[in-house]
Amino acid sequence: MIKIAGKLLEMVNLTKRFPGVVALDRVCFECDSGGIYAIVGENGAGKSTLMNLLGGLLVPDEGIIKLDGIPVVITSPGKSFALGFGFVHQELNLLDNLTVWENVFLSHEIKGAIGKLDKSAMRSRILAMNDRLGYQLNPDALVGSLKLADRQLVEITRAVIFAPRILILDEPTAALSEEEVIRLFGILRSLRDEGASIIYISHRLEEVVALADHVTVLKDGRNAGELCKAEISKDVMINMMIGRTLDNIYPNRLDVRSQETILRVTDLIIPGKVNGVSLELHAGEILGLGGLEGQGQREFVRALFGDIPFSSGVVRVGENTYTEKSHGIPSRVRNGIGYVTHDRHGEGLILHQPIRKNMSMASLKRFKKNAGYLSVQKETEVVLQQVQRLSIKAASIENPVSSLSGGNQQKVMLGRWLMVDPRVLIIDEPTKGVDVGARTSLYQTIDVLTRQGVAVIILTSDMLELMGLSDRIIVFYEGRCTAEIVRADVTEERVMRAASGLSTSGEQTA
Amino acid sequence: MIKQIQISPPLKKVLVIYGLLATIFVSMMVFSADYRSIQNVGNVLVQSVPLAIVSMGQMIVLIGGGIDMSVGAMISLTSCIAARTMSSVASPVAAIGAVLIITVSVCVGVMNGIGTNYGRVPAMITTLSMMMVLNGISLALLPGPGGRVDRAIAGVIMARSGLLSVALLILLLVFILLRHFLYHTRSGVHVYAIGKNRSIAASMGVRINRVSILTFVIAAMTAAVSGMLLASRMRIGDPTIGASFGLDSITAAAIGGTALTGGVGLLSGTVAGAFLIGMLSNMMNILGVNHFYQYVLKGLLLVVAMVFYSLSGKMGGKHRG
Numbered sequence: 041m042i043k044i045a046g047k048l049l050e051m052v053n054l055t056k057r058f059p060g061v062v063a064l065d066r067v068c069f070e071c072d073s074g075g076i077y078a079i080v081g082e083n084g085a086g087k088s089t090l091m092n093l094l095g096g097l098l099v100p101d102e103g104i105i106k107l108d109g110i111p112v113v114i115t116s117p118g119k120s121f122a123l124g125f126g127f128v129h130q131e132l133n134l135l136d137n138l139t140v141w142e143n144v145f146l147s148h149e150i151k152g153a154i155g156k157l158d159k160s161a162m163r164s165r166i167l168a169m170n171d172r173l174g175y176q177l178n179p180d181a182l183v184g185s186l187k188l189a190d191r192q193l194v195e196i197t198r199a200v201i202f203a204p205r206i207l208i209l210d211e212p213t214a215a216l217s218e219e220e221v222i223r224l225f226g227i228l229r230s231l232r233d234e235g236a237s238i239i240y241i242s243h244r245l246e247e248v249v250a251l252a253d254h255v256t257v258l259k260d261g262r263n264a265g266e267l268c269k270a271e272i273s274k275d276v277m278i279n280m281m282i283g284r285t286l287d288n289i290y291p292n293r294l295d296v297r298s299q300e301t302i303l304r305v306t307d308l309i310i311p312g313k314v315n316g317v318s319l320e321l322h323a324g325e326i327l328g329l330g331g332l333e334g335q336g337q338r339e340f341v342r343a344l345f346g347d348i349p350f351s352s353g354v355v356r357v358g359e360n361t362y363t364e365k366s367h368g369i370p371s372r373v374r375n376g377i378g379y380v381t382h383d384r385h386g387e388g389l390i391l392h393q394p395i396r397k398n399m400s401m402a403s404l405k406r407f408k409k410n411a412g413y414l415s416v417q418k419e420t421e422v423v424l425q426q427v428q429r430l431s432i433k434a435a436s437i438e439n440p441v442s443s444l445s446g447g448n449q450q451k452v453m454l455g456r457w458l459m460v461d462p463r464v465l466i467i468d469e470p471t472k473g474v475d476v477g478a479r480t481s482l483y484q485t486i487d488v489l490t491r492q493g494v495a496v497i498i499l500t501s502d503m504l505e506l507m508g509l510s511d512r513i514i515v516f517y518e519g520r521c522t523a524e525i526v527r528a529d530v531t532e533e534r535v536m537r538a539a540s541g542l543s544t545s546g547e548q549t550a
Numbered sequence: 000m001i002k003q004i005q006i007s008p009p010l011k012k013v014l015v016i017y018g019l020l021a022t023i024f025v026s027m028m029v030f031s032a033d034y035r036s037i038q039n040v041g042n043v044l045v046q047s048v049p050l051a052i053v054s055m056g057q058m059i060v061l062i063g064g065g066i067d068m069s070v071g072a073m074i075s076l077t078s079c080i081a082a083r084t085m086s087s088v089a090s091p092v093a094a095i096g097a098v099l100i101i102t103v104s105v106c107v108g109v110m111n112g113i114g115t116n117y118g119r120v121p122a123m124i125t126t127l128s129m130m131m132v133l134n135g136i137s138l139a140l141l142p143g144p145g146g147r148v149d150r151a152i153a154g155v156i157m158a159r160s161g162l163l164s165v166a167l168l169i170l171l172l173v174f175i176l177l178r179h180f181l182y183h184t185r186s187g188v189h190v191y192a193i194g195k196n197r198s199i200a201a202s203m204g205v206r207i208n209r210v211s212i213l214t215f216v217i218a219a220m221t222a223a224v225s226g227m228l229l230a231s232r233m234r235i236g237d238p239t240i241g242a243s244f245g246l247d248s249i250t251a252a253a254i255g256g257t258a259l260t261g262g263v264g265l266l267s268g269t270v271a272g273a274f275l276i277g278m279l280s281n282m283m284n285i286l287g288v289n290h291f292y293q294y295v296l297k298g299l300l301l302v303v304a305m306v307f308y309s310l311s312g313k314m315g316g317k318h319r320g
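Chains as they are written, first to last, in our numbering: chain A, 41 to 550; chain B, 0 to 320.
Derived from the structure by calculation, the hints contain no laboratory data. Each residue gets a CB set at the ideal place from its N, CA and C atoms; glycine is no exception. If a hint is listed, it holds; no wrong ones were tucked in.
Which residues of chain B face chain A? A partial, calculated answer using Cβ under 7 Å:
hint : residue
1    : Thr184
2    : Ala192
3    : Ile199
In silico DSSO-like pairs for lysine-lysine, Cα to Cα no more than 27 Å straight-line:
hint : chain 1 : residue 1 : chain 2 : residue 2
4    : A       : Lys397    : A       : Lys408
5    : A       : Lys274    : A       : Lys313
6    : B       : Lys11     : A       : Lys187
7    : A       : Lys159    : B       : Lys11
8    : A       : Lys365    : A       : Lys405
9    : A       : Lys405    : A       : Lys418
Construct all of the structure, not just a fragment, from the sequences and the given hints.
Next up, the structure:
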């Protein structure tokens with residue numbers, strides 16, 4: 041290969057803004073052929089955004105991407121492919137109604153005469169790839185019938201089969217067994233030795249230590265440091281990822297005392313997601329569930345709310361007990377459990393409906409009159425109270441909820457659950473897409489609620505929010521609790537270590 | 000490399016439909032002398048052809064995640080254009096008529112596709128609007144049944160001898176063409192891909208809008224073929240002749256195992272569905288069952304088929320062939 045002056049890939053001062061948030065702020069990254077380049081950072085540090093710029097799914101607002109020293113604009117996945125990028129996505133990007141070969145070659149099919157698909161050529165290329173990678177994929181199997189790990193192998197095959205110049209892997213090992221991970225690493229090393237450039241994104245720091253030749257650390261959408269092969273260690277990476285200060289937008293909760301236990305979970309298991317989590321929640325407490333994305337926290341709270349089934353374990357709320365046989369959301373709502381979803385538009389609000397209807401949705405029983413009619417008057421009264429209590433800025437409660445800002449929409453969802461007089465309120469991403477002003481007032485509301493005896497569980501990918509709001513933090517890693525940290529002892533480093541699967545005392549876990 | 004011939008799970012379901020078809024057919028042959036006549040069997044086959052053809056087009060739209068309510072109106076419009084232009088085979092207007100029918104059907108398909116994909120209007124609404132527009136145009140061309148399709152043209156299309164007929168040959172031809180498209184071209188694979196999940200398909204490099212538009216064009220063209228067959232059979236045009244075909248084609252596709260949510264469907268299943276509908280109507284006509292009850296039976300058939308598929312789907316997962 042001819043050595044070209046300049047790097048294979050250079051990304052210079054890339055900036056990408058989303059409404060209300062700067063996902064990337066003048067980020068620089070470069071890589072050369074024949075190397076494995078790791079990108080690490082917390083949730084929301086900008087890793088995936090950066091890679092989506094290369095994949096043609098997003099276009100940067102500012103900055104330049106250069107390939108072989110020549111600026112390129114990547115506007116579509118097809119363009120990205122043509123430039124020589126190969127992707128293994130974090131969430132499996134496969135179509136399970138298609139076969140393995142159809143998925144592997146989708147949009148890059150091999151054609152014979154008169155545009156007819158050359159299926160046997162595609163099959164044999166997959167079989168050849170199987171030999172090389174040590175897989176046993178049947179090209180004609182439906183992807184929907186494969187195990188999760190095998191689907192990951194399909195995704196890897198798809199990325200590797202076209203011999204990309206730059207192979208990008210975003211958390212590729214989530215579904216793989218240890219053995220398969222080791223084999224994948226072997227493949228990546230041999231691809232590197234053949235001259236490919238590999239960008240490896242992972243939150244598993246031990247993998248990065250084992251694999252990477254170079255590490256780029258991102259924090260809050262900015263470059264936070266670079267490490268060359270000799271410098272790479274978990275401690276250094278964690279130190280670069282942390283080191284921020286708490287704003288004083290969080291309520292002062294030093295005076296909060298522990299009260300009686302209101303929720304007790306014993307050995308909750310959701311196959312493949314949660315491996316035996318036990319915890320207690322006290323009245324008037326804010327419990328924060330921390331950890332990186334996809335470690336089972338969300339499934340855990342959804343199981344508490346009865347939204348997804350669990351295979352064993354006991355959930356006790358007050359005097360009521362739920363086992364794997366007792367499912368369904370309505371009984372939990374009757375028993376005073378509320379769940380404010382993270383997906384406001386998808387499953388939280390009915391956007392075109394008025395604020396009043398969105399808010400009263402979970403507590404319509406309160407407004408029943410004779411013969412099943414609803415008392416709109418009473419409903420209006422109660423909704424107005426909530427609107428005042430939460431200081432929702434709306435001209436009228438009859439306006440569609442879509443006319444509100446993100447922060448006020450979030451308050452509407454909170455108000456909905458306040459109207460059922462909850463004992464336990466689960467808030468998933470309390471301030472996602474909410475501006476700072478509305479944040480403060482949401483935090484105040486949560487603070488006031490707990491002082492009235494409500495127990496709150498928050499789930500957040502924002503480390504500062506987790507630390508600022510929680511009285512106690514439980515960190516999830518691969519479906520287990522790896523740490524329980526009370527407010528007085530919490531440091532960003534301890535949370536990060538636990539979230540990376542390290543013990544909090546500083547030594548590695550076995 | 001070992002080649003295995005496997006019966007895929009969806010094909011198994013389709014075999015059930017074929018089994019049902021055969022059972023009805025055989026029992027009618029045994030119990031009804033009228034039915035046994037070659038004439039009648041040939042009739043059933045010919046009568047089912049227009050629905051079978053348009054149902055295949057409908058199925059492709061459904062697999063791609065859309066729905067086309069306008070195929071019936073396209074059939075009516077085709078029959079009206081044919082009746083207005085093909086009254087004499089010698090006239091050059093007849094050739095213009097044929098070109099016109101093809102052009103109109105492609106345009107209708109493209110417009111349905113553009114409205115759905117670029118206009119972001121749900122396919123149901125886009126094609127409903129198209130249906131109304133086309134119905135209006137048909138009535139403007141031909142306020143009631145009338146016009147004339149030349150004997151020579153109609154004669155060729157309707158030619159038959161015993162069980163064999165040109166209509167069946169046309170069905171076979173369309174089936175082979177669409178089969179090639181759906182199972183042996185990249186666009187065919189892409190139709191299944193966009194029907195399952197547009198955003199994943201897009202991130203894998205599929206040109207989703209283009210593929211989706213193509214499905215609507217195919218549906219409109221199959222409707223034109225069906226319309227031409229119907230016009231030839233009647234030898235006149237009728238602005239309402241296609242009215243029932245929109246829903247019937249969806250019914251046939253659904254009975255044949257097509258998922259209305261997209262991504263799943265087989266051509267052979269849809270053809271079987273269309274023939275099942277045709278055969279049942281014919282059977283009830285011969286048995287003298289009131290026309291009204293035919294609707295009832297059609298509805299029941301659809302529900303039973305859907306229950307069957309969703310129950311067997313739960314056990315076997317969602318697949319396509």
